[in-house]
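*Asks:* Chains as they are written, first to last, in UniProt numbering: chain A, 38 to 231; chain B, 38 to 231; chain C, 38 to 231; chain D, 38 to 231.
What the hints contain is simulated information worked out from the structure, not anything from laboratory work.
Take the hints with a grain of salt, since some may be wrong.
[As the list claims (entries may be wrong)] Quick list of in silico lysine-lysine cross-link-like pairs, DSS-like style, CA-CA up to 25 Å: (1) B:188 to A:150; (2) C:188 to D:150; (3) B:188 to B:57; (4) C:188 to D:172; (5) A:172 to A:104; (6) D:73 to D:172; (7) B:188 to D:188; (8) B:104 to B:73; (9) C:99 to C:57; (10) D:172 to D:104; (11) C:57 to C:188; (12) A:57 to A:172; (13) C:57 to A:188; (14) B:73 to B:150; (15) A:188 to B:188; (16) B:73 to B:99; (17) D:104 to D:73; (18) C:188 to A:188; (19) B:150 to B:172; (20) C:57 to B:188; (21) A:188 to A:73; (22) D:57 to B:150; (23) B:104 to B:172; (24) C:57 to C:104; (25) A:73 to A:104; (26) D:104 to A:188; (27) B:150 to B:57.
[Stated by the list, open to error] Not close to chain C: a few residues of chain A, all C-beta gaps over 12 Å, as computed: (28) 54; (29) 64; (30) 65; (31) 85; (32) 93; (33) 99; (34) 120; (35) 174; (36) 184; (37) 188; (38) 190; (39) 196; (40) 198.
What you are looking at is a predicted structure, and each value in this text was computed from that prediction instead of being measured.
Quick reminder that beta carbons are idealized off the backbone N, C-alpha and C, glycines included.
There are 4 protein chains.
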Amino acid sequence: SFSVKGTSADYVYAPFRIYKGRAALSLSPVLPTFTKLESGGLVVGRSGVVMLKFTPAIGERKYDWEKRQVFALSATEVGSLISLGPNDSCEFFHDPSMQSSNAGQVRKSLSIKSHADGSGYMVSLTVVNNLLKTKENFIVPVTAAEFAVMKTACSFALPHIMGWDRLMSNMPTGVGVGRQQSKVVPQLLDEWDR
Amino acid sequence: SFSVKGTSADYVYAPFRIYKGRAALSLSPVLPTFTKLESGGLVVGRSGVVMLKFTPAIGERKYDWEKRQVFALSATEVGSLISLGPNDSCEFFHDPSMQSSNAGQVRKSLSIKSHADGSGYMVSLTVVNNLLKTKENFIVPVTAAEFAVMKTACSFALPHIMGWDRLMSNMPTGVGVGRQQSKVVPQLLDEWDR
Amino acid sequence: SFSVKGTSADYVYAPFRIYKGRAALSLSPVLPTFTKLESGGLVVGRSGVVMLKFTPAIGERKYDWEKRQVFALSATEVGSLISLGPNDSCEFFHDPSMQSSNAGQVRKSLSIKSHADGSGYMVSLTVVNNLLKTKENFIVPVTAAEFAVMKTACSFALPHIMGWDRLMSNMPTGVGVGRQQSKVVPQLLDEWDR
Amino acid sequence: SFSVKGTSADYVYAPFRIYKGRAALSLSPVLPTFTKLESGGLVVGRSGVVMLKFTPAIGERKYDWEKRQVFALSATEVGSLISLGPNDSCEFFHDPSMQSSNAGQVRKSLSIKSHADGSGYMVSLTVVNNLLKTKENFIVPVTAAEFAVMKTACSFALPHIMGWDRLMSNMPTGVGVGRQQSKVVPQLLDEWDR
Chain A
38 SFSVKGTSAD
48 YVYAPFRIYK
58 GRAALSLSPV
68 LPTFTKLESG
78 GLVVGRSGVV
88 MLKFTPAIGE
98 RKYDWEKRQV
108 FALSATEVGS
118 LISLGPNDSC
128 EFFHDPSMQS
138 SNAGQVRKSL
148 SIKSHADGSG
158 YMVSLTVVNN
168 LLKTKENFIV
178 PVTAAEFAVM
188 KTACSFALPH
198 IMGWDRLMSN
208 MPTGVGVGRQ
218 QSKVVPQLLD
228 EWDR
Chain B
38 SFSVKGTSAD
48 YVYAPFRIYK
58 GRAALSLSPV
68 LPTFTKLESG
78 GLVVGRSGVV
88 MLKFTPAIGE
98 RKYDWEKRQV
108 FALSATEVGS
118 LISLGPNDSC
128 EFFHDPSMQS
138 SNAGQVRKSL
148 SIKSHADGSG
158 YMVSLTVVNN
168 LLKTKENFIV
178 PVTAAEFAVM
188 KTACSFALPH
198 IMGWDRLMSN
208 MPTGVGVGRQ
218 QSKVVPQLLD
228 EWDR
Chain C
38 SFSVKGTSAD
48 YVYAPFRIYK
58 GRAALSLSPV
68 LPTFTKLESG
78 GLVVGRSGVV
88 MLKFTPAIGE
98 RKYDWEKRQV
108 FALSATEVGS
118 LISLGPNDSC
128 EFFHDPSMQS
138 SNAGQVRKSL
148 SIKSHADGSG
158 YMVSLTVVNN
168 LLKTKENFIV
178 PVTAAEFAVM
188 KTACSFALPH
198 IMGWDRLMSN
208 MPTGVGVGRQ
218 QSKVVPQLLD
228 EWDR
Chain D
38 SFSVKGTSAD
48 YVYAPFRIYK
58 GRAALSLSPV
68 LPTFTKLESG
78 GLVVGRSGVV
88 MLKFTPAIGE
98 RKYDWEKRQV
108 FALSATEVGS
118 LISLGPNDSC
128 EFFHDPSMQS
138 SNAGQVRKSL
148 SIKSHADGSG
158 YMVSLTVVNN
168 LLKTKENFIV
178 PVTAAEFAVM
188 KTACSFALPH
198 IMGWDRLMSN
208 MPTGVGVGRQ
218 QSKVVPQLLD
228 EWDR
């Protein structure tokens, strides 16, 4: 496994941080969780995400961490982000209370708009909370270089938040065609064997 | 090795799923199998694939898993998919009974056609079975963002389904030029040594 | 961990070297350091970089390693480098004594300028030292092929110098949603659970 | 380490093979070798390559493995290959006896020429051996999809043949800034600390 020898660290904090005048933006991947099946296999439980955190500035290089708001990008939203061209824009809408009695009361929208000259993007989050009668807005200008880091890091993270690195890593350690075949779902063999 | 410490999971299920109105599409990589040579080396037995599974809808958000059909993309077909531009299309034909007495009786064709406006692709599978006198058709519209996930995940998976991650991982753990050289096929040395 | 079994090597030297007539340029990644938190987690201490080293030539294929100068590319500067188009240029400025009493006394500037015909880049480092009254200049022409190696290697290295490979690798080895949830910061759950 | 648990395999054979009418082409990465320094570090000894092997056809789907010729792509040549556009071409020349008394007697040239319609490439190897008075020529047409596999697999392999995966993997397992700093070459600290 990838675990660090000699340490018992449970979590690693390595967000990519962009500190700007009005707000700070940080990105970090959150891995999926897995549930063990009776058959012995693992199935993805909660999907992984790339978590964006926005924090408002309250002075020069000072940020109010209590007022942080988060936006969790799904695999498909990460797909949007990494395929964004220098003149493209995109917008995502989340309802954190979806499928609860509070559905529709809080609306989050994340917008990524390219600058007209291709020099970067304006990333903004708006959170409208009808329960608290609040509306918060965070704006972080992101340079083309910073966005290149976001794209490369998100492309690296994407297979991991999908759990595909586990598909790779949990390969049977035994060797030989025979052992492998015995585990193949029979209905797949006709196609696989072509 | 990559195996998960503390678990004995044999398989990890982490397909990328696209649920649409008429059918669902899922992708997952299937690793190659290896056979041990008498010399102690490993050689790829069955090649890895990226498995596509199509399932027809039978109501709102309900799919008939019994009627699932699969299509296994080879490394070269994955190469086609990941190099597809926003206005490109491609089509693959498989005969799952090739080289058997039923050759030609079942024909599968997978088509990936870009929308005219570059907003995504129409992915469809047709399975014609002359033995059962059936013809099935699955159509899944895929957005540009979903296709970006497919491309990134397939690019990640490609070296793994080819077995190249094993080439990397099985590097001799010994250190020093001498030990390495003794294992090099002599005829390669003139080129390698240049 | 990735460490090599059977060896106790602490460091691996594998710079990518470009030897040219007037100077040599080498690149190698330097990983971030981590600090252990009381909570048991790890946090990035010093960020990782891609270290560029310039060495002046003092004869045919002879370089004066004593006169070497270094320039450490941050994650965002690596983002600039890997997103550089064939006709693009960029320039970075560093003050190695920033935030000390010698601030402003030594200025380093790295310039990457594309050739007009797209055949490669001119990479140059200038180091002006007001304390020593010196000005050094290193110029290394880099072909398109060499720059492609630099871009691919830096793209590979970027998630590692950011520490994102650790985020991936230190995944909890336990299985099951329950255990995972207990570690999630409560305020994140509403977004994560959407 | 990446080694396969429960096996003692020394080598993994997983070449990417392209069989065509007149010749077959296979690609496989060859990892660098490392030499242990007295200081305990590892330094790259022989650089890694991507090995191309050409085999002439002697009938339908029959190849004469005795007449195989090889061409080892260096990191920079791999950089050329992976940055080749759909209408680009490149050519490399090797002298396997360079720096020996036979220098210049055997000349190998590898040519990758794009088809005019962008549908793929013609890959050919010519080996002129003045000692044996022979000239061999191998021609393999490569489709765009096959070339996409070559590019993706070579991009994956590049950091590994450079030894950069080892730079990543051999990270100190200890935690904390103090321990790390004690191993940093002092002259680097001023830049690194900026």
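*Asks:* It remains to establish, for every hint, whether it holds in the given structure.
*Replies:* Status of the hints after comparison with the structure:
| no. | hint | result |
| --- | --- | --- |
| 1 | B:188 to A:150 | 23 Å, holds |
| 2 | C:188 to D:150 | 23 Å, holds |
| 3 | B:188 to B:57 | 19 Å, holds |
| 4 | C:188 to D:172 | 37 Å, violated |
| 5 | A:172 to A:104 | 12 Å, holds |
| 6 | D:73 to D:172 | 41 Å, violated |
| 7 | B:188 to D:188 | 14 Å, holds |
| 8 | B:104 to B:73 | 37 Å, violated |
| 9 | C:99 to C:57 | 10 Å, holds |
| 10 | D:172 to D:104 | 12 Å, holds |
| 11 | C:57 to C:188 | 19 Å, holds |
| 12 | A:57 to A:172 | 21 Å, holds |
| 13 | C:57 to A:188 | 33 Å, violated |
| 14 | B:73 to B:150 | 41 Å, violated |
| 15 | A:188 to B:188 | 14 Å, holds |
| 16 | B:73 to B:99 | 44 Å, violated |
| 17 | D:104 to D:73 | 37 Å, violated |
| 18 | C:188 to A:188 | 14 Å, holds |
| 19 | B:150 to B:172 | 20 Å, holds |
| 20 | C:57 to B:188 | 38 Å, violated |
| 21 | A:188 to A:73 | 32 Å, violated |
| 22 | D:57 to B:150 | 28 Å, violated |
| 23 | B:104 to B:172 | 12 Å, holds |
| 24 | C:57 to C:104 | 16 Å, holds |
| 25 | A:73 to A:104 | 37 Å, violated |
| 26 | D:104 to A:188 | 46 Å, violated |
| 27 | B:150 to B:57 | 16 Å, holds |
| 28 | 54 | 10 Å, violated |
| 29 | 64 | 9 Å, violated |
| 30 | 65 | 7 Å, violated |
| 31 | 85 | 10 Å, violated |
| 32 | 93 | 16 Å, holds |
| 33 | 99 | 18 Å, holds |
| 34 | 120 | 14 Å, holds |
| 35 | 174 | 17 Å, holds |
| 36 | 184 | 8 Å, violated |
| 37 | 188 | 8 Å, violated |
| 38 | 190 | 6 Å, violated |
| 39 | 196 | 10 Å, violated |
| 40 | 198 | 9 Å, violated |
The structure does not agree with the numbered hints 4, 6, 8, 13, 14, 16, 17, 20, 21, 22, 25, 26, 28, 29, 30, 31, 36, 37, 38, 39 and 40 stated previously, though it agrees with the rest.
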